[in-house]
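Going by numbering that gives the first Met the number 0, 41 is the number at position 42 of the sequence shown; the sequence numbering is gapless.
Don't take each hint at face value.
Said to hold, decoys possible - Have a look at the derived ranges for each label pair, beta carbon to beta carbon: (1) GLU38 / GLY106: 33 to 39 Å; (2) GLN6 / GLN99: 44 to 50 Å; (3) VAL61 / LEU2: 25 to 31 Å; (4) ALA90 / ARG66: 26 to 32 Å; (5) SER105 / LEU53: 31 to 37 Å; (6) GLU108 / GLU38: 21 to 27 Å; (7) LEU2 / ARG66: 22 to 28 Å; (8) PRO60 / GLY97: 23 to 29 Å; (9) GLU38 / GLU93: 24 to 30 Å; (10) ALA109 / GLU9: 33 to 39 Å; (11) LEU54 / VAL83: 16 to 22 Å.
It should be emphasised that the hints constitute simulated quantities derived from the structure, not laboratory data. Idealized CB from N, CA, C, for every residue including glycine.
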Amino acid sequence: MPLTSSQTIELFKQYVVPNYTRFPVALVRGEGSWVWDAEGNRYLDLFPGWGCNLLGHCPAPVVEAARDQLGKLVHVPNTWYTEVQGQWAKALSERSFGGQAFFCNSGTEANEA
(Lines of atoms letter the chains of each structure in order from A and count residues from 1; the text may use other names and numbers.)
(Lines give C-alpha, C1' and ligand atoms only; values in the text may rest on other atoms or scores of the structure.)
Protein backbone atom coordinates (compact mmCIF):
# COMPACT_ATOMS: atom_id res chain seq x y z
CA MET A 1 0.00 0.00 0.00
CA PRO A 2 1.40 3.44 -0.89
CA LEU A 3 2.53 5.74 1.91
CA THR A 4 0.60 8.81 3.02
CA SER A 5 2.19 12.24 2.71
CA SER A 6 2.88 12.20 6.46
CA GLN A 7 4.62 8.82 6.26
CA THR A 8 6.79 9.96 3.35
CA ILE A 9 7.68 13.17 5.19
CA GLU A 10 8.74 11.08 8.21
CA LEU A 11 11.02 9.00 5.96
CA PHE A 12 12.65 12.19 4.76
CA LYS A 13 13.11 13.47 8.31
CA GLN A 14 14.96 10.29 9.19
CA TYR A 15 16.96 9.59 6.03
CA VAL A 16 17.31 12.74 3.89
CA VAL A 17 19.55 15.73 4.66
CA PRO A 18 17.19 18.70 5.23
CA ASN A 19 18.93 21.13 2.89
CA TYR A 20 15.68 22.38 1.29
CA THR A 21 12.53 23.86 2.75
CA ARG A 22 9.86 21.57 1.33
CA PHE A 23 6.13 21.85 0.83
CA PRO A 24 4.30 19.53 3.29
CA VAL A 25 3.00 17.33 0.46
CA ALA A 26 4.27 14.05 -1.01
CA LEU A 27 3.65 13.92 -4.75
CA VAL A 28 2.91 10.52 -6.25
CA ARG A 29 2.07 11.17 -9.90
CA GLY A 30 1.79 13.79 -12.59
CA GLU A 31 0.04 14.32 -15.90
CA GLY A 32 0.62 17.32 -18.11
CA SER A 33 0.70 20.40 -15.88
CA TRP A 34 -0.92 18.68 -12.91
CA VAL A 35 0.46 16.66 -9.99
CA TRP A 36 -1.32 14.65 -7.29
CA ASP A 37 -0.35 13.97 -3.70
CA ALA A 38 -0.69 10.72 -1.77
CA GLU A 39 -4.14 11.76 -0.56
CA GLY A 40 -5.45 12.39 -4.10
CA ASN A 41 -5.34 16.20 -4.02
CA ARG A 42 -4.54 17.80 -7.39
CA TYR A 43 -2.14 20.75 -7.79
CA LEU A 44 -1.17 22.87 -10.78
CA ASP A 45 2.60 22.42 -11.17
CA LEU A 46 4.05 25.91 -11.54
CA PHE A 47 7.69 24.73 -11.43
CA PRO A 48 8.32 23.30 -14.93
CA GLY A 49 11.71 24.98 -15.13
CA TRP A 50 13.09 22.81 -12.34
CA GLY A 51 14.54 19.75 -13.98
CA CYS A 52 13.16 18.20 -17.13
CA ASN A 53 9.41 18.84 -17.05
CA LEU A 54 9.27 21.47 -19.77
CA LEU A 55 6.90 19.18 -21.71
CA GLY A 56 4.74 18.45 -18.66
CA HIS A 57 4.57 15.31 -16.59
CA CYS A 58 4.53 11.99 -18.41
CA PRO A 59 3.79 13.10 -21.99
CA ALA A 60 2.81 9.94 -23.86
CA PRO A 61 5.39 10.25 -26.69
CA VAL A 62 8.23 10.72 -24.18
CA VAL A 63 7.07 7.85 -21.96
CA GLU A 64 6.74 5.58 -25.00
CA ALA A 65 10.19 6.52 -26.33
CA ALA A 66 11.78 6.01 -22.89
CA ARG A 67 10.13 2.60 -22.45
CA ASP A 68 11.23 1.57 -25.92
CA GLN A 69 14.84 2.61 -25.33
CA LEU A 70 14.97 1.12 -21.81
CA GLY A 71 13.94 -2.20 -23.35
CA LYS A 72 17.03 -2.06 -25.58
CA LEU A 73 19.86 -0.25 -23.78
CA VAL A 74 19.84 1.86 -20.60
CA HIS A 75 23.27 3.48 -20.86
CA VAL A 76 26.19 3.15 -23.21
CA PRO A 77 29.46 5.02 -22.58
CA ASN A 78 30.57 7.51 -25.20
CA THR A 79 33.33 5.12 -26.25
CA TRP A 80 30.76 3.06 -28.20
CA TYR A 81 28.56 3.93 -31.17
CA THR A 82 24.77 3.68 -30.96
CA GLU A 83 22.28 4.41 -33.72
CA VAL A 84 19.95 6.34 -31.41
CA GLN A 85 22.72 8.73 -30.31
CA GLY A 86 23.72 9.35 -33.92
CA GLN A 87 20.11 10.01 -34.91
CA TRP A 88 19.68 12.37 -31.92
CA ALA A 89 22.82 14.31 -32.90
CA LYS A 90 21.52 14.62 -36.46
CA ALA A 91 18.12 15.88 -35.25
CA LEU A 92 19.77 18.44 -32.94
CA SER A 93 22.06 19.68 -35.70
CA GLU A 94 19.27 20.00 -38.26
CA ARG A 95 16.99 21.85 -35.83
CA SER A 96 19.56 24.23 -34.37
CA PHE A 97 22.80 25.84 -35.51
CA GLY A 98 24.21 22.89 -37.40
CA GLY A 99 27.55 21.34 -36.64
CA GLN A 100 28.24 18.51 -34.25
CA ALA A 101 26.82 17.54 -30.84
CA PHE A 102 28.83 16.87 -27.70
CA PHE A 103 27.12 14.41 -25.36
CA CYS A 104 28.22 14.36 -21.75
CA ASN A 105 27.19 12.89 -18.41
CA SER A 106 26.81 15.99 -16.26
CA GLY A 107 26.41 19.74 -16.22
CA THR A 108 30.03 20.04 -15.15
CA GLU A 109 31.23 18.34 -18.31
CA ALA A 110 28.90 20.49 -20.41
CA ASN A 111 30.29 23.66 -18.84
CA GLU A 112 33.88 22.51 -19.33
CA ALA A 113 33.21 21.85 -23.02
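Holds or violated: the 44 to 50 Å window for the beta-carbon distance between GLN6 and GLN99? Once the Cβ atoms are compared, 49 Å apart, the range 44 to 50 Å for GLN99 and GLN6 holds.
Range agreement (Cβ of LEU53 with Cβ of SER105, hint 31 to 37 Å): violated (19 Å)
Between GLU108 and GLU38, does the beta-carbon spacing fit 21 to 27 Å? Cβ of GLU108 to Cβ of GLU38: about 40 Å, so the range 21 to 27 Å is violated.
Note whether the CB distance of LEU2 and ARG66 lies within 22 to 28 Å or breaks it. holds (25 Å)
Starting from the hint 16 to 22 Å, judge whether the C-beta atoms of LEU54 and VAL83 obey it. holds (19 Å)
Does the Cβ-Cβ separation between GLU38 and GLY106 fall within 33 to 39 Å? Cβ of GLU38 to Cβ of GLY106: about 35 Å, so the range 33 to 39 Å holds.
Could you tell me whether the CB distance from PRO60 to GLY97 stays inside 23 to 29 Å? holds (25 Å)
Evaluate the given range 25 to 31 Å for the C-beta pair formed by VAL61 and LEU2. At 26 Å between Cβs, range holds.
Determine whether the Cβ-Cβ distance between GLU38 and GLU93 falls within the hinted range of 24 to 30 Å. violated (46 Å)
Does the Cβ distance between ALA90 and ARG66 fall inside 26 to 32 Å? Once the Cβ atoms are compared, 19 Å apart, the range 26 to 32 Å for ARG66 and ALA90 is violated.
Assessment of proposed distance window 33 to 39 Å (beta carbons of ALA109, GLU9): For GLU9 against ALA109, whose Cβ atoms are near 37 Å apart, the range 33 to 39 Å holds.
Taken one by one, the earlier hints fail for this structure at numbers 4, 5, 6, 9, listed in ascending order.
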